[in-house]
Amino acid sequence: MSVYPDSSTAYAVFGELFTILAADEEFTERLRDADLTLRLVHTKPDCVIHVTPDQVRFGDDAPEDASVTIKMSCDTAHRLWSGTLLMPAAVALGKVRIKGKVAKVLELVPILQPAFDRYPQLVAAQGLVDGAAK
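Residue numbers (this note's numbering): 3 to 136.
One or more hints might be untrue.
[Stated by the list, open to error] Result set (DSSO-like, lysine-lysine): computed pairs, CA atoms no more than 27 angstroms apart in a straight line: (1) LYS46 <-> LYS101; (2) LYS73 <-> LYS101; (3) LYS73 <-> LYS46; (4) LYS73 <-> LYS97.
Quick caveat, the hints were computed from the structure, so don't treat them as lab data. Computed from a prediction, not measured in an experiment: that's the story for all the values here.
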């Protein structure tokens, strides 16, 4: 069974996660310094998020262009943010596809570190426990 029952739940968790990050001055400054923009394309269910140093946009409002695009299922994203799957393994296994320069991707990973601390609370707030809804 999928962790995320529908797109609205995925947007509630991942949207809030990146909205929290975008409100963090250190996060946005690091994005700006690295000249990074990020497009996350989640599937099963669909959820698209576009992050720049100045804003977070969702769904149809999310532009196509970004310096790094990361595509994965919501279940894979859950495993990554939960810390049970590491990005290098996910890429090697084909669970994550990345478009963009490798150097930009390498700059991005440490910038996202604060999200790992926040993710468990956001999942719990949506009633998602152990990979399924309560």
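Now for the hints, and whether the structure bears them out:
1. For the suggested pair LYS46 and LYS101, the alpha carbons sit about 20 angstroms apart, so the restraint of at most 27 angstroms is met.
2. Using a Cα cut-off of 27 angstroms, the hinted pair LYS73 and LYS101 holds, with the two alpha carbons roughly 8 angstroms apart.
3. Straight-line distance between C-alpha atoms of LYS73 and LYS46 comes to about 11 angstroms, which keeps the hinted pair within the 27 angstroms bound.
4. With a C-alpha separation of about 8 angstroms, the suggested pairing of LYS73 with LYS97 holds against the 27 angstroms cut-off.
No hint from the list above goes unmet by this structure.
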